[in-house]
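Visitor: Sequence:
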Amino acid sequence: MLFSVQHYKRNLFLLNIGIIIVGVFCFSVKISNQKEDLPNILWINTEDISPDLGCYGNDYSTTPNLDKLASVSVMYENAYASGPICTPSRTCFITGIYGASMGTQHLRSDVKRPSFIKTFPELLKEHGYWASNYGKTDYNFNPAGIYDYQKQDLAPWRQNNNHKPFFSMFVLGVTHEGGCNNPKEWEEATREMPRALFHQAGNVPLPPYYPDSKEIRKCWAHYYDNITAMDITVGEILDNLEKDGLKENTIVVFFSDHGAGMPRYKRWLYSTGLKVPLLIYIPAKFRQMAHLPPGGSKEKGLVSLADLTPTFLSILNLPVPSTIQGIAFAGNTTEQRKEIYGARSRADNMYETSRSIRDDRFEYIRHYMPHLPYIQPGFIFSDDKESFRELRRLRKEGKLSAEAEKMWQPKGVEELYDLQNDPFELKNLAGIVAWQSKLASLRKKLHKWMIDIKDSELLHESDYMDRSSATTPYEFVHDEKNFDAQKLLDAAEMVGKATMKELLAKLHDSDIGVRNWAVIGIQALGKKGKQAIPDLKKLLRDVSPTVQISAAADLCYLNACNEALPVLGKWVVDERPWIALYAARSIELAGSSAKPLVPLLYKVLDNNKGIPGASLPYKDYNFAAFITWSVEYALLNCGEKIAIY
1 MLFSVQHYKR NLFLLNIGII IVGVFCFSVK ISNQKEDLPN ILWINTEDIS
51 PDLGCYGNDY STTPNLDKLA SVSVMYENAY ASGPICTPSR TCFITGIYGA
101 SMGTQHLRSD VKRPSFIKTF PELLKEHGYW ASNYGKTDYN FNPAGIYDYQ
151 KQDLAPWRQN NNHKPFFSMF VLGVTHEGGC NNPKEWEEAT REMPRALFHQ
201 AGNVPLPPYY PDSKEIRKCW AHYYDNITAM DITVGEILDN LEKDGLKENT
251 IVVFFSDHGA GMPRYKRWLY STGLKVPLLI YIPAKFRQMA HLPPGGSKEK
301 GLVSLADLTP TFLSILNLPV PSTIQGIAFA GNTTEQRKEI YGARSRADNM
351 YETSRSIRDD RFEYIRHYMP HLPYIQPGFI FSDDKESFRE LRRLRKEGKL
401 SAEAEKMWQP KGVEELYDLQ NDPFELKNLA GIVAWQSKLA SLRKKLHKWM
451 IDIKDSELLH ESDYMDRSSA TTPYEFVHDE KNFDAQKLLD AAEMVGKATM
501 KELLAKLHDS DIGVRNWAVI GIQALGKKGK QAIPDLKKLL RDVSPTVQIS
551 AAADLCYLNA CNEALPVLGK WVVDERPWIA LYAARSIELA GSSAKPLVPL
601 LYKVLDNNKG IPGASLPYKD YNFAAFITWS VEYALLNCGE KIAIY
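Heads up: the sequence shown begins at 1 in our numbering, then just goes up one per residue.
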């Protein structure tokens, strides 16, 4: 099996032709001929799985290759992503900088990064490494020039003609949420997998907040099938490494970008969305420089994927840039983490702002749009995905548990969980008097972290993207002349807690961001916000498009759409996609009240015919697609009969 000398020799013997044996031997020597003092580094990043592997104690899972890897690796039992969705998480671990600090916390966007911020492979290349990538890059910035070689190649190091030490990144999409939510994607993902390895739905372990139905069981069984298919690919990669004589000169890292691609997992800030598997194999010759325990060890300390870049720079004894925010947990400089931080922001066309902190026992989540449910209406939570469709069917029939029903309800302002006694995060302690001291402590630490990293989402995306156009979001928010993080966070923390009188006063603040948070605070009050209608109408003429759109959206919710619709119609055709998207989503949520805009919405769709973005003035394909989705749903809400993109 993997890392087995006998298996390797047996494969060579079976070739049974002397010249081929010699050729393979020479190739192995050639490819292994590199600087002996620098290890190769192999990162295998699979998508959308929680620690649901055999080596993590999941008996239902079939992962022999990863289990074998774990037996010679350090296995981290408390590793977490920085966000519960792929692109923000991936952008963070490849730079070591939190997405909210760079303006890259959303799914998806194309954000300019400063020239002085380098990715991990770029930093390695500056010190003599060769870098390759398999699968997507999927960063929230232009990946051009980061890698030397990008092809679907399970042994890319064979193209490393100068025999430099290499960094090879693999992104395995076979476990993406589509495979457990779409039969065609599942069939494609498992097409070559032996039938004997498929999982029986009747035996699948269900989380306590999931109803027990045939369709739900099938979705979860498919999830485990995809993991097995991924495990087979991991085996092929590692077999190639061993065949080429590179095993003892290569550090291997396996991890997921975030939790499972199922409801209450992906896009949720719970452990289900953030906790990931993390295995690190260190060859014997490099263990001293890594300062890690021997293979087969289990580590319980907190680790964030934000820590990967600084950790491996530390292992290599390379300088760690001062911009990096992750913490090295191995190498020549280490620090034990005391807390893990997480962020949830816009996903496709659905806006959200939530932040989290967890220590070794407790988890705290603060929602800055508490009036929005976890499952918002629209495309990404649509019935196109089997799990969501089945949950909606059961909900309609009244067969969901109270815990599952929460996914459709307003989130509330704060959540606090005792992970030691409540590992499934079922009992929110935030409102219980006995836990107020712990609540206050974690709240204070989260507040400080957001200030320290200059959380860009203290301004709305459409605002900071617009105002940073002459520079980059990172540079904009790290300039105190532009961005008063303390003042903005104080305003954001009013949402869900401040009185109407306090919010009305903030509508007249000189800071655009403060005014916008005041409008969101009024939205969070629901129908009680009616007394703010005169003030909201005044904001339709605000200097900021963001504030105008927020005020218009609130007026439509309060059944005062007449003056608001022309404002939304004006901005939905704006050439700045982040502004047009905010307007499009607001029109979608206005429901049938947006009917006067139907002719304009059809014009937007006409401009989007073919490939989204092809004829609109948007260079960013993703924004064009997101605008299209919102416009299509808005038309459906207005009674139009159209096909969804």
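Simulated from the structure, these hints should not be mistaken for laboratory data.
Any given hint might turn out to be false.
Listed below are the simulated DSSO-like cross-link pairs for lysine-lysine, each with C-alpha atoms no more than 30 Å apart in a straight line [what the hints assert, rightly or not]: (1) LYS438 <-> LYS481; (2) LYS537 <-> LYS527; (3) LYS214 <-> LYS396; (4) LYS427 <-> LYS411; (5) LYS501 <-> LYS537; (6) LYS298 <-> LYS68; (7) LYS438 <-> LYS538; (8) LYS338 <-> LYS298; (9) LYS112 <-> LYS487; (10) LYS68 <-> LYS285; (11) LYS501 <-> LYS481; (12) LYS481 <-> LYS396; (13) LYS530 <-> LYS448; (14) LYS68 <-> LYS151; (15) LYS411 <-> LYS537; (16) LYS68 <-> LYS300; (17) LYS570 <-> LYS538; (18) LYS125 <-> LYS112; (19) LYS406 <-> LYS218; (20) LYS445 <-> LYS411; (21) LYS570 <-> LYS527; (22) LYS427 <-> LYS527; (23) LYS438 <-> LYS396; (24) LYS411 <-> LYS448; (25) LYS68 <-> LYS112; (26) LYS112 <-> LYS136; (27) LYS338 <-> LYS427; (28) LYS406 <-> LYS570; (29) LYS528 <-> LYS481; (30) LYS243 <-> LYS300; (31) LYS506 <-> LYS603; (32) LYS411 <-> LYS530; (33) LYS538 <-> LYS487; (34) LYS243 <-> LYS136; (35) LYS396 <-> LYS112; (36) LYS538 <-> LYS184; (37) LYS214 <-> LYS411.
Visitor: For every hint, state whether the structure bears it out.
Guide: Do the hints match the structure? See the list:
Distance check on the hinted pair: LYS438 and LYS481 sit about 34 Å apart at the alpha-carbon level, beyond 30 Å; violated. For the suggested pair LYS537 and LYS527, the alpha carbons sit about 16 Å apart, so the restraint of at most 30 Å is met. A threshold of 30 Å between alpha carbons decides the hint, and for LYS214 with LYS396 the separation of about 17 Å falls inside it, so the pair holds. Only pairs whose Cα atoms come within 30 Å are accepted, and LYS427 paired with LYS411 is accepted, the gap being roughly 13 Å.
Among the hinted pairs, LYS501 with LYS537 is consistent with the structure: their alpha-carbon atoms are about 17 Å apart, no more than 30 Å. For the suggested pair LYS298 and LYS68, the alpha carbons sit about 14 Å apart, so the restraint of at most 30 Å is met. Of the pairs offered as hints, the one joining LYS438 and LYS538 is violated, with about 41 Å between alpha carbons and a cut-off of 30 Å exceeded. With a C-alpha separation of about 18 Å, the suggested pair LYS338 and LYS298 falls inside the 30 Å cut-off, and the hint holds.
In summary, the hint linking LYS112 to LYS487 is supported, as the alpha carbons are separated by about 25 Å, within the 30 Å threshold. Between LYS68 and LYS285 the alpha-carbon distance is near 20 Å, which keeps this suggested pair within the 30 Å criterion. A hinted pair counts as satisfied when its Cα atoms are at most 30 Å apart, and LYS501 with LYS481 qualifies at roughly 29 Å. Note on LYS481 and LYS396: the hinted pairing is violated, with a Cα-Cα distance of about 52 Å set against a maximum of 30 Å.
Of the pairs offered as hints, the one joining LYS530 and LYS448 is violated, with about 34 Å between alpha carbons and a cut-off of 30 Å exceeded. Between the alpha carbons of LYS68 and LYS151 the distance comes to roughly 27 Å, so the proposed pair stays at or under 30 Å and holds. Simply put, LYS411 and LYS537 have alpha-carbon atoms about 28 Å apart, close enough for the 30 Å limit, and the pair holds. Between LYS68 and LYS300 the alpha-carbon distance is near 20 Å, which keeps this suggested pair within the 30 Å criterion.
Taking the CA atoms of LYS570 and LYS538, the gap is about 17 Å. The hint holds against a cut of 30 Å. Between LYS125 and LYS112 the CA atoms are separated by roughly 21 Å; this keeps the pair inside 30 Å, and the hint holds. Proximity of LYS406 to LYS218 is assessed by CA-CA distance (about 23 Å); at most 30 Å being required, the pair is judged to hold. The straight-line distance between the Cα atoms of LYS445 and LYS411 is roughly 21 Å, inside the 30 Å bound, and the hint therefore holds.
Taken as a hint, the LYS570 and LYS527 pair is honoured in the structure, with Cα atoms around 26 Å apart against an allowance of 30 Å. Between LYS427 and LYS527, the direct Cα distance comes to roughly 28 Å. Compliance with the 30 Å bound is thereby established for this hinted pair. As the CA atoms of LYS438 and LYS396 are separated by approximately 38 Å, the hinted pair breaks the 30 Å bound. A threshold of 30 Å between alpha carbons decides the hint, and for LYS411 with LYS448 the separation of about 23 Å falls inside it, so the pair holds.
Distance check on the hinted pair: LYS68 and LYS112 sit about 41 Å apart at the alpha-carbon level, beyond 30 Å; violated. About 19 Å separates the Cα atoms of LYS112 and LYS136, which keeps this hinted pair within 30 Å; it holds. Among the hinted pairs, LYS338 with LYS427 is consistent with the structure: their alpha-carbon atoms are about 23 Å apart, no more than 30 Å. For a cut-off of 30 Å, the pair hint linking LYS406 to LYS570 is broken: about 36 Å separates their Cα positions.
The hinted pair formed by LYS528 and LYS481 fails the criterion: a straight-line CA distance of about 36 Å is larger than 30 Å. Distance restraint check for LYS243 and LYS300: the Cα-Cα separation of roughly 33 Å exceeds the 30 Å cut-off, and the hinted pair is therefore not satisfied. Our distance criterion of 30 Å between C-alpha atoms is broken by LYS506 and LYS603, whose separation comes to about 37 Å. With a C-alpha separation of about 22 Å, the suggested pairing of LYS411 with LYS530 holds against the 30 Å cut-off.
The straight-line distance between the Cα atoms of LYS538 and LYS487 is roughly 23 Å, inside the 30 Å bound, and the hint therefore holds. This hinted pair checks out: LYS243 and LYS136 have alpha carbons roughly 26 Å apart, not beyond 30 Å. For the hint pairing LYS396 with LYS112, the CA-to-CA distance comes to about 44 Å; that exceeds 30 Å, so the pair is violated. Proximity of LYS538 to LYS184 is assessed by CA-CA distance (about 51 Å); at most 30 Å being required, the pair is judged violated.
Taking the CA atoms of LYS214 and LYS411, the gap is near 29 Å; set against the 30 Å cutoff, the hint holds.
The earlier numbered hints that this structure contradicts are 1, 7, 12, 13, 23, 25, 28, 29, 30, 31, 35 and 36.
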